[in-house]
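From just these sequences and the hints, can you work out the full model?
Here the protein sequences come in this chain order: Z and B. Every position in the first sequence, counted from 1, becomes a number in my numbering once 45 is added. Every position in the second sequence, counted from 1, becomes a number in my numbering once 45 is added.
Honestly, I wouldn't trust all of these hints.
A pair holds if it fits inside one copy or across any two, identical chains being indistinguishable in the list.
Said to hold, decoys possible - No more than 25 Å apart at the CA atoms, straight line, and that leaves these computed lysine-lysine pairs for DSS-like:
1. 153 to 357
2. 357 to 200
3. 333 to 225
4. 66 to 357
5. 325 to 200
6. 107 to 66
7. 200 to 333
8. 310 to 269
9. 321 to 333
10. 357 to 61
11. 321 to 200
12. 153 to 94
13. 310 to 61
14. 153 to 74
Please keep in mind that the hints were generated in silico from the structure rather than gathered at the bench. Predicted, not measured: the structure shown is a model, and the values here were computed from it.
There are 2 protein chains.
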Amino acid sequence: MASYCYGIDVGGTTIKCGLFKTDGTLVEKWEIPTRTENKGEAILPDIAKSILDKNEEKRIFKDEISGIGVGVPGPVNAHGDVEFAVNLFWGYKDLSQELEEMTGIPAKAGNDANVAALGEAWKGAAEGAQSVIMVTLGTGVGGGIIINGEILTGKHGAGGEIGHACVEHDETERCNCGNKGCLEQYAAATGIVRLANRALEASEADSVLRKETVTAKAVLDAYKEGDALACQVMETFGDKLGRALASFACVVDPETIVIGGGVSKAGQPLIDCIQKYYEKYAFPVCRKTPIILATLGNDAGIYGAARMVLAK
Amino acid sequence: MASYCYGIDVGGTTIKCGLFKTDGTLVEKWEIPTRTENKGEAILPDIAKSILDKNEEKRIFKDEISGIGVGVPGPVNAHGDVEFAVNLFWGYKDLSQELEEMTGIPAKAGNDANVAALGEAWKGAAEGAQSVIMVTLGTGVGGGIIINGEILTGKHGAGGEIGHACVEHDETERCNCGNKGCLEQYAAATGIVRLANRALEASEADSVLRKETVTAKAVLDAYKEGDALACQVMETFGDKLGRALASFACVVDPETIVIGGGVSKAGQPLIDCIQKYYEKYAFPVCRKTPIILATLGNDAGIYGAARMVLAK
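As structure tokens, this is what we get:
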């Protein structure tokens, strides 16, 4: 009977590792550097060594471990193969099999945004919810959809890629994905800066944003202080994101919507701004679906990765 | 070992019934009238009697039947309870339990649009697909989402209610649901008529549509004949529906998208019109997701209902 599992969250500079009990108790967490040189060939051996060392240190035998879950910054298909991961310099990789061969422990891979959503649904803001839409507002907009307590991976590993839903047919600038009008262009940290710069150019109105470098944090701080131009920017943000979430709720009808990522550090005023527009556009029976802040922060990935290797 | 199952599709005027083998072979189908008087109190007893009579006729014992699946025109929650069904004059109804008590056979209810999607995923256009988005373009726009071969019901039974995703923030007219800019206002048969009437009022251009009553069929026929005004209407239709489907594909990343309902009788030209805009707006890896016509027609409901009561 397995008592432990590992949750690993591979980022571009750091690999976060967690040793968990199978009931979700975090026993210990630690980090190792992500060595991306030589096409990231050291990354999986480094993870394997770190886990095997931890087993020795904690006097844990392999048959006490249900598995190793790994979140990866790139598309992972339904079989757990990594299609590519630009930030790790990886091409196609059968991660589960490779890591299993190195450790002798069953392994499973998932996309990092999807895995973070599973973490929040397991032990975070949406603890116990069987269906969740999670949006991660960072440099880009990531997302993860949980249905029946499991990640919705999708045919091409693009399940939950909600940052690239088109929300504005009149957009003239291109998103990194090549399309125009993606949610990410309005709701990511970079999107907020873009909207603010547009607003600053379009008017002569006074604003604290004219006195400093425009960052997402500066816009959000100015918004909380009632700066008129920042408020205008955040109303546009709320309208686009709230409307998109209302559309997604027509598809999924989740129990809970969770907002995470760096932008979510703005807290409840951000949620209020999103919720106002969500309720405006939502299908009536979904109008009261809770929209809440993520609670696990940077640990969501290790929690969700660990959850992946536990039986339902 | 069960060899048979029943699939029942309850409509506002007719109840469609199907006796299936568990491998999906349709043994026989028939219809009975929907008696909606006295708050539809005769509907379930009529279904029960029809099934018990069929058992006698076919010499089938109850333990040879895996269950009775029932599609209902209204929201059905995850427990299989019907919240209400306006066209049947039903309020809340524990359909599964009531029908089980009347027949001695396990029963399960689902929303009719969701059930039709399951039918198409089981034995129709998307046969064998594990994940499907189905859109039913009729008087309204219905939808059903299949994930891992099962209906995505949602917290409030609103999973797949994609007709009420907001696709146009500048709309001034209200949808039946009370919101503005719902997909249904552009892509349903009524939506196509609305767009055509708008276009006719907005210009003096010649069109065959000025010479007859404007129906969705008339617009689609004129479109196929190259009538400029009808083409303009259908480009708007394709833009709204294709963009909405591209957004939904960012959430679900399905294997296949199926288009059904009365409007889909327009055939491949309709698909081409939708696909053109879908590809324009789709996230790159989802761009080639097949968009295909439903094949089961009015039988999709009995197939999907039957599938609901079979083990995965």
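How the hints compare with the structure:
no.: 1; hint: 153 to 357; in the structure: both (15 Å within a copy, 23 Å between copies)
no.: 2; hint: 357 to 200; in the structure: both (22 Å within a copy, 19 Å between copies)
no.: 3; hint: 333 to 225; in the structure: between (31 Å within a copy, 18 Å between copies)
no.: 4; hint: 66 to 357; in the structure: within (15 Å within a copy, 31 Å between copies)
no.: 5; hint: 325 to 200; in the structure: between (32 Å within a copy, 19 Å between copies)
no.: 6; hint: 107 to 66; in the structure: within (14 Å within a copy, 47 Å between copies)
no.: 7; hint: 200 to 333; in the structure: between (31 Å within a copy, 11 Å between copies)
no.: 8; hint: 310 to 269; in the structure: within (12 Å within a copy, 53 Å between copies)
no.: 9; hint: 321 to 333; in the structure: within (11 Å within a copy, 36 Å between copies)
no.: 10; hint: 357 to 61; in the structure: within (24 Å within a copy, 37 Å between copies)
no.: 11; hint: 321 to 200; in the structure: between (33 Å within a copy, 21 Å between copies)
no.: 12; hint: 153 to 94; in the structure: within (17 Å within a copy, 51 Å between copies)
no.: 13; hint: 310 to 61; in the structure: within (21 Å within a copy, 54 Å between copies)
no.: 14; hint: 153 to 74; in the structure: within (19 Å within a copy, 46 Å between copies)
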